[in-house]
Amino acid sequence: MTNPAPLAARYTDPSPRSLRPVEESDFAPSNAERVLLTGASGMLGRESALALLRAGYTVRVFQRSDSGIAALLPDTIRPRFEQVRGSLTNRQAIEQALTGVNGIVHAAAKVSVSGDWRDYERVNIEGTKSLLDAAVEHAIPKFLYISSPSVAHAGAALVGAGNGDASPEHARGNYARSKAVAEKAVLQMNGTALSTGKYLCTGALRPHLIWGPGDTQLVERILERARAGRLPLLSGGTGLIDTLYIDNAADAVVHGYERLEALAGRAVVVTNGQPRTVAELMSGFCTAVGVPAPRFSVPAPVAVVAGRLIEKVWALLPHSVTAGDEPPMTGFLAEQLSTAHWFDQRNTRELLGWEPAVSIEEGYERLRLFYGDKYSRP
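So for the sequence shown, numbering that gives the first Met the number 0 puts the first residue at 0; every next one is plus one.
The set of hints was computed from the structure by calculation and includes no laboratory data. In this text the structure is predicted, and so the values were computed from the model without any measurement. Cβ coordinates follow ideal geometry from the N, Cα and C atoms, glycine included.
Straight-line C-alpha distance at most 25 angstroms; calculated BS3-like pairs for lysine-lysine:
#1 Lys128 x Lys109
#2 Lys128 x Lys197
#3 Lys183 x Lys128
#4 Lys183 x Lys197
#5 Lys109 x Lys183
#6 Lys109 x Lys311
For each label pair, taking beta carbons as the anchor points, the in silico distance ranges come out as:
#7 Ser29 x Glu223: 37 to 47 angstroms
#8 Arg294 x Arg117: 39 to 49 angstroms
#9 Thr88 x Lys197: 25 to 35 angstroms
#10 Asp324 x Arg294: 22 to 32 angstroms
#11 Ser129 x Arg294: 42 to 52 angstroms
#12 Asp132 x Asp65: 18 to 28 angstroms
#13 Ser129 x Gly235: 37 to 47 angstroms
Put together the whole structure using the sequences plus the hints.
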């Protein structure tokens with residue numbers, strides 16, 4: 000299990016985005032098990048790689064670009080870290096990455112809220128199935144899939160919801176639909192016989208709204224728009240939303256990998272278990288770094304319609320205008336920001352043997368330590 004002390008200390012550093020080298024004492028002795036982790040260039044993948052290394056595993060990461068993790072590690076730990084560059088769409092690269100591996104944590108995905116279906120299908124569905132097939136061929140007995148709660152969300156409010164089954168037919172948007180198809184494929188492979196006489200053990204984690212210092216997907220977008228006065232609340236921001244602090248997410252990945260036999264073909268939603276209204280959450284982010292919290296409100300139905308229109312117009316604009324960025328609002332995003340999403344975590348914590356170590360309030364404090372006056376100075 001990840002030791003909270005060094006995690007807290009890390010965020011007193013001027014730039015945790017550069018991730019100062021961690022201390023050798025943070026790491027457990029090697030357990031001689033090699034884990035392949037896909038998608039280590041993202042925040043969750045990077046922190047999960049570090050958490051697995053701390054737990055004693057040898058970690059091999061697989062993604063298209065350099066993860067930057069090796070430079071963070073003490074010299075004595077660096078031999079336990081390996082990197083293979085490649086894409087999930089390249090079976091030869093996958094084969095290379097799987098040589099000598101004991102288990103897989105699959106976190107790589109196309110995660111944008113808008114885009115062409117074929118792009119999601121190629122990476123999220125076909126890439127996952129290719130990795131699964133290769134795992135069986137290499138007789139790798141462990142496969143943990145990082146999914147999303149959106150795979151079981153049909154647009155209605157989720158109030159104390161359970162895990163639910165992935166539903167490609169009802170999932171909202173191409174990302175959620177592709178992840179739902181992939182999750183079902185992973186879970187259906189649980190119990191597949193391997194050439195060694197063992198059986199493939201699969202499971203899925205659905206982390207919900209991960210955030211933390213250096214988070215460019217949620218926190219920094221909120222802060223930038225709040226500072227510019229362009230961050231409205233939707234219908235007053237009264238919807239309750241459960242989130243997940245990044246260190247807790249990485250710790251849950253380690254527990255999920257180690258408890259695959261307990262998951263046994265099931266998926267669980269993972270959150271902090273501390274629901275907050277959207278208004279409270281945004282206010283917490285903003286107050287932590289000295290930015291005025293959003294004050295004006297837009298009716299949610301108006302935002303949903305506007306988001307759908309913006310999404311269609313955005314898709315027609317040239318790359319020179321959009322610069323590859325996602326649209327500032329989509330119908331799916333408006334629904335997410337105006338609809339309650341909080342979950343019953345009892346089953347998750349029982350199956351994983353896991354409790355979140357970092358509270359929402361401690362997370363706000365770590366934002367303050369990280370960003371300082373970056374967003375409040377003129």
